[in-house]
Amino acid sequence: SEKNLADGMTVGELCAAAITMSDNSAANLLLATVGGPAGLTAFLRQIGDNVTRLDRWETELNEALPGDARDTTTPASMAATLRKLLTSQRLSARSQRQLLQWMVDDRVAGPLIRSVLPAGWFIADKTGASKRGARGIVAL
Numbered sequence: 001s002e003k004n005l006a007d008g009m010t011v012g013e014l015c016a017a018a019i020t021m022s023d024n025s026a027a028n029l030l031l032a033t034v035g036g037p038a039g040l041t042a043f044l045r046q047i048g049d050n051v052t053r054l055d056r057w058e059t060e061l062n063e064a065l066p067g068d069a070r071d072t073t074t075p076a077s078m079a080a081t082l083r084k085l086l087t088s089q090r091l092s093a094r095s096q097r098q099l100l101q102w103m104v105d106d107r108v109a110g111p112l113i114r115s116v117l118p119a120g121w122f123i124a125d126k127t128g129a130s131k132r133g134a135r136g137i138v139a140l
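Residue numbers (this note's numbering): 1 to 140.
Hint data in this document are derived by calculation from the structure and do not stem from the laboratory.
If you anchor each label on the Cβ, the simulated ranges turn out as follows: (1) A129 x Q96: 24 to 32 Å; (2) V116 x R90: 30 to 38 Å; (3) A79 x M21: 18 to 26 Å; (4) V11 x P66: 32 to 40 Å; (5) A76 x A129: 17 to 25 Å.
Beta carbons are placed, not taken as given, at the ideal position from N, Cα and C, and that holds for glycine.
Assemble the whole structure, with the sequences as input and the hints as a guide.
In C-alpha cells, the structure reads:
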C-alpha cells in the first residue's frame, strides 16, 4: 500500500491489503480512520469484547514480550468478535460478505493451514505473527 498512497487508495482497497496480504501500512492507515489503537479498543468494548485490546501501531505491536498485556486477545474473544461481525447487525449484509471474502482471499495462510485442508475445502482466515516467531490464525 505504501507504493499506492500517492495515487490514493480507497478504504476497501486498504482493507483488502491489510486482510489478504497482512499489509501493515494499510492496517495503520485504517487504524488512523477509527481513532488509532484506543478507537479500535473502544469499538471492541461496544460490541461486547472486554478482553481484546490494541495499544500500539504496526509494527511495534508485534513485539509480544512475555507477560506484556498490550495488544492481546484470547482465542475465545477473537472467535466471539469475529462471529459478531459476521452474523450480527454490527455490519450490513454486504459488509459481512465482503469481510468474509477478504478472509477467504487471504494469501498469507497458504503454507500454514490451507496446505493441510482436504481437497475441496476452503477457509476464511486472518493470520498474525510476532517478532519472536509466534503465529496466530483465526479461521472459519
